[in-house]
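Using the sequences and the accompanying hints, generate a full structural model.
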Amino acid sequence: MESTRLSILALFLLVVLGSSSAKVEEENPEFWRSQAKKTLQSALDRKLNTNVAKNILFFLGDGMGITTYTAARILKGQLQNQSGEETVMTMDTFPNVGLAKTYSVDFQIPDSAATATAYLCGVKTNLNVIGLSGAARNGICKTQKGNEVTSILKWAKDAGKSVGIVTSTRVQHATPATTYAHSASRSWYSDADMPASAKADGCTDISSQLLKNTDINVIIGGGRKYMTPQGTKDPEYPRDYASRGNRKDGRNLITEWQNSKIGKVAHYVWNKTEFDAVDPENTDYLMALFEPGDLRFEEERDPMMDPSIVETTEKAIRILQKNPKGFFLLVEGGRIDQAHHEGRAYMALHETVAFDNAIAKGLELTKEAETLTIVMADHSHPLTFNGFPFRGQNILGKSPLWATDMKPYTILMYGNGPGHKIVNGKRPDLRNVTTDGKDYHQLAAVPLQSTTHSGEDVAVLARGPMAHLFQGVQEQSYIAHAMGYAACVGADLRHCQDPALHTTIDPNNAARASSALLSSLLSALLALKVLI
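Under mature numbering (1 follows the signal peptide of the UniProt record, and there is no 0), the residues of the sequence shown are numbered -22 to -1, 1 to 510, in order.
In case anyone wonders, no lab produced these hints; they're calculated from the structure.
Fair warning: there could be bad hints in the mix.
When the alpha-carbon atoms are kept at most 20 Å apart in a straight line, the in silico EDC-like pairs for lysine to aspartate or glutamate are as follows [as the list claims (entries may be wrong)]:
id: 1; residue 1: 300; residue 2: 257
id: 2; residue 1: 339; residue 2: 254
id: 3; residue 1: 339; residue 2: 292
id: 4; residue 1: 239; residue 2: 257
id: 5; residue 1: 250; residue 2: 280
id: 6; residue 1: 250; residue 2: 292
id: 7; residue 1: 303; residue 2: 136
id: 8; residue 1: 190; residue 2: 227
id: 9; residue 1: 177; residue 2: 227
id: 10; residue 1: 303; residue 2: 292
id: 11; residue 1: 239; residue 2: 193
id: 12; residue 1: 15; residue 2: 3
id: 13; residue 1: 404; residue 2: 383
id: 14; residue 1: 211; residue 2: 272
id: 15; residue 1: 339; residue 2: 289
id: 16; residue 1: 16; residue 2: 3
id: 17; residue 1: 190; residue 2: 262
id: 18; residue 1: 16; residue 2: 4
id: 19; residue 1: 250; residue 2: 289
id: 20; residue 1: 250; residue 2: 272
id: 21; residue 1: 120; residue 2: 179
id: 22; residue 1: 242; residue 2: 227
id: 23; residue 1: 300; residue 2: 254
id: 24; residue 1: 226; residue 2: 171
id: 25; residue 1: 416; residue 2: 277
id: 26; residue 1: 385; residue 2: 414
id: 27; residue 1: 25; residue 2: 346
Shown next as structure tokens:
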């Protein structure tokens, strides 16, 4: 009872004290009215772009649920010495917003393989399966044959466009792999990861499919060790056995890739110096593998060795956009998800801010009239944003409203994960604990070594040609079909077969035109009556 009274008193003090932290202009009702009026007018003036999308720029924030999105916005502002809540992310400027349902064929809560197959191939499938329909079974090679489904990257390539993948993970990871591979297991990165039975049944590893299935112009990420023979020393970590090549078949896929590009200007690079030396204007193909496995977190990246996701996005676009038929590019902020799995909100939010900066670079380098840009997440994580923090309070800090055990708790918490810290039935006292460091694990309700995903819908943001198709609540598998329709790639070519759909329509002008047409018809009818 006493603790309840203390909590009520604390909440009362928060309300009283918190009211004084508002900015002066925000206390004036006209501030909000004026802001809303400008936003409303912007919406009214917006033109409906029904052009054919020459380019598709697809940004995928792995694990970037709504809570991550919101918290990253606040962090981005606080890194710029703002309170943070009012900050405008690049993603926030996209005029069309919808939701995608993320469940897979077999699970309420999906993984990145099943979701990637949905939004890239337009078909939902089972957990851990990439580039195959729901008839395929996880880890069973025999179920692959006849159940392969292709991605929008392949649709774009078949239509003559240049294509590329940029990721902060290994290029064989679930999201990028789904653009080119068909595998009953997302874990078959190299032949060393495959069971003998799968090989006997004719299945091949994901790395080998990277070379075989689709001719990809730009490949940027990590994953060197899956490309070279077992024991091959890594150029960056020659003494680290875990970083060495692990292929059992003796193939050097990097060399094979280079040999397949004879007659073309193709570059393989593994460090920033070599990467910076690549001239996009004179490059047909680029394979850049900066780490043996996944790339480093942005906050731990060595800028002398590895480029940022902003730099890799820019290089990819500059190479691809030379094609007069346009391009398709997937850019994945893949380590948002991996930071969440470790329960490290600091890392997840900083990865999201870096991802948003890459989106800004993408918009800077392309034209909205001809480029459909999509931003979405594949799934969410059980991250909560709670506790009545003051306006502008450190998003990685502690709530000023303490719990009934009279101990503070973090503003961001996980439903499960390595941050579970109950000892002898009691929570740790965080009063003297720094919670905004990169290695801190936010509190979690249930103990797990790795945080799970969560199952709520994810946001889909769009701008450019046919961006209005990405509205409402849709199945995640709808996304690939809508992108294909907008760009006239894949099976549905109606958009490019009807020239009337290729115009940019101003809704206000359309209304005025309809009114003028009606007046003309009435005048014609009156004239006809006089003649009769």
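Evaluated hints:
no. : hint      : result
1   : 300 x 257 : 12 Å, holds
2   : 339 x 254 : 17 Å, holds
3   : 339 x 292 : 7 Å, holds
4   : 239 x 257 : 17 Å, holds
5   : 250 x 280 : 10 Å, holds
6   : 250 x 292 : 14 Å, holds
7   : 303 x 136 : 11 Å, holds
8   : 190 x 227 : 16 Å, holds
9   : 177 x 227 : 11 Å, holds
10  : 303 x 292 : 19 Å, holds
11  : 239 x 193 : 10 Å, holds
12  : 15 x 3    : 16 Å, holds
13  : 404 x 383 : 9 Å, holds
14  : 211 x 272 : 17 Å, holds
15  : 339 x 289 : 9 Å, holds
16  : 16 x 3    : 16 Å, holds
17  : 190 x 262 : 18 Å, holds
18  : 16 x 4    : 16 Å, holds
19  : 250 x 289 : 10 Å, holds
20  : 250 x 272 : 16 Å, holds
21  : 120 x 179 : 6 Å, holds
22  : 242 x 227 : 27 Å, violated
23  : 300 x 254 : 18 Å, holds
24  : 226 x 171 : 9 Å, holds
25  : 416 x 277 : 8 Å, holds
26  : 385 x 414 : 17 Å, holds
27  : 25 x 346  : 12 Å, holds
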